[in-house]
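Knowing the structure of chain G, use the given hints to seat chain Z on it.
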Amino acid sequence: MTPYDAIFLALLASRCINRPQQWWLVVLAPLLSFVIGSLEPLGRLTEPLTALFAVALAPRWAPVGLLLVVPEYSSLTESIVAAAAWFLLDALFGSLLKRVNEDAVTPHLRGWPIQLLILGVLYYSFLPLVWI
Amino acid sequence: MTETKHTTPTSKQIFAEEMHFGRVALNLGFITEEELERALGAREELHAAGVDTLIGDIMLDRQLLTSAQCEQILTEQDRLLREAGLLSRVRAAPTIGLVVAGMVPVLSHMSLSSVLTWSGALLIGFAISNRSPWRWVGIGWLASIIAPGTSMASIGSSGSLLHGWRRPLGAVLLGTCLALIPLPETLHQAGPLFLLAAVVLALFRKPPTKKNTQDKNHKGEQA
Chain G
21 MTPYDAIFLA
31 LLASRCINRP
41 QQWWLVVLAP
51 LLSFVIGSLE
61 PLGRLTEPLT
71 ALFAVALAPR
81 WAPVGLLLVV
91 PEYSSLTESI
101 VAAAAWFLLD
111 ALFGSLLKRV
121 NEDAVTPHLR
131 GWPIQLLILG
141 VLYYSFLPLV
151 WI
Chain Z
555 MTETKHTTPT
565 SKQIFAEEMH
575 FGRVALNLGF
585 ITEEELERAL
595 GAREELHAAG
605 VDTLIGDIML
615 DRQLLTSAQC
625 EQILTEQDRL
635 LREAGLLSRV
645 RAAPTIGLVV
655 AGMVPVLSHM
665 SLSSVLTWSG
675 ALLIGFAISN
685 RSPWRWVGIG
695 WLASIIAPGT
705 SMASIGSSGS
715 LLHGWRRPLG
725 AVLLGTCLAL
735 IPLPETLHQA
745 GPLFLLAAVV
755 LALFRKPPTK
765 KNTQDKNHKG
775 EQA
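Sequence lines, in order, name chains G and Z. So the mapping is simple: the numbering used here equals the position in the first sequence, first residue as 1, plus 20. So the mapping is simple: the numbering used here equals the position in the second sequence, first residue as 1, plus 554.
Extracted from the complex, chain G is given alone in its bound form (with noise of 0.2 Å):
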């Protein structure tokens, strides 16, 4: 998985579970992946440890804390990037939806289809930004 599908699909899990008091916690989990996954030492115990992180930053948010760490991030920078942009996004994506007016939309299209669309098109608007 791309951090970048990683961070779309950890966006969509994040509207399916209650938001938690800490969720910005999780944040830190594609840090703390590429931090464990670069200690040598450690092993075959990296993909448990990091797992263990991810859902010790937010248990009730761990599913998107494990889908956050997922990818296999390359170098600091690309987790740094992972993290500020999944906060970003979450944000924009929340500020959306807030000023979606649903009488405004069809009745099909009304909850979570409206809300997959958006995503969809967000995917596409930042995706130039991958290949930068």
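Simulated from the structure, these hints should not be mistaken for laboratory data. Treat the hints loosely; a few may be bogus.
Said to hold, decoys possible - Between beta-carbon pairs, the in silico distance windows are: (1) Z:Thr740 to G:Leu51: 24 to 32 Å; (2) G:Gln42 to Z:Leu737: 37 to 45 Å; (3) Z:Pro738 to G:Glu98: 23 to 31 Å.
Said to hold, decoys possible - Here are a few chain G residues that sit away from chain Z, every Cβ distance over 12 Å (derived from the structure): (4) Ala30; (5) Ser58; (6) Leu59; (7) Glu60; (8) Pro61; (9) Val90; (10) Glu98; (11) Ile100; (12) Val101; (13) Phe107; (14) Gln135; (15) Leu139.
Ideal Cβ positions, reconstructed from N, Cα and C, are used throughout, including at glycine.
This is chain Z only, laid out in the frame that chain G set:
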């Protein structure tokens, strides 16, 4: 211990939202006051035991509600939350959990053996586990020992998103189909899959009508 937990704003909010779900179900005439109280009591007991379950799931498990009624309540709840300016608050959405979990194998570019391990871990996990993410980390670890190369984070994230028995089965079917069907490479990305899921949901989901709601209310009054 339980009371201490309920004094935190988040727990209060969640409890209020759960209460809201129950109230909407009551107002729509799907359940009686007594059934609501019993379901809330059951939720409290589970919460005290450290298991966080949604009131809707309890009602579904006890067959107080059908899946269609549950969807109708969630739609109505969304509308009420919007009116109250609370749209930013999120709530459980089991169907989307299934969709997210089902997308994991195709987006992870899993091999056939990894997809089978992922599916097996999910199904075995649901037979022996609840929604605790810690247990899912353990199950993912065991699966990755048996089949090296399988991502335990993929298993853990998928498993902790799902509950009940239908959704894991649905996620396994969806995940296996998406991973095994030779889809164009462009569909192995989250964006097109979101758009596809939106179209499928829009086509196959029955939007609630005012007439249905009124009929249900009438039935509730008669009951």
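Do the hints match the structure? See the list:
no., hint, result
1, Z:Thr740 to G:Leu51: 24 to 32 Å, "30 Å, holds"
2, G:Gln42 to Z:Leu737: 37 to 45 Å, "38 Å, holds"
3, Z:Pro738 to G:Glu98: 23 to 31 Å, "27 Å, holds"
4, Ala30, "9 Å, violated"
5, Ser58, "17 Å, holds"
6, Leu59, "17 Å, holds"
7, Glu60, "18 Å, holds"
8, Pro61, "19 Å, holds"
9, Val90, "5 Å, violated"
10, Glu98, "17 Å, holds"
11, Ile100, "19 Å, holds"
12, Val101, "17 Å, holds"
13, Phe107, "15 Å, holds"
14, Gln135, "8 Å, violated"
15, Leu139, "5 Å, violated"
In terms of the numbered hints stated before, the structure departs from hints 4, 9, 14, 15, listed from lowest to highest.
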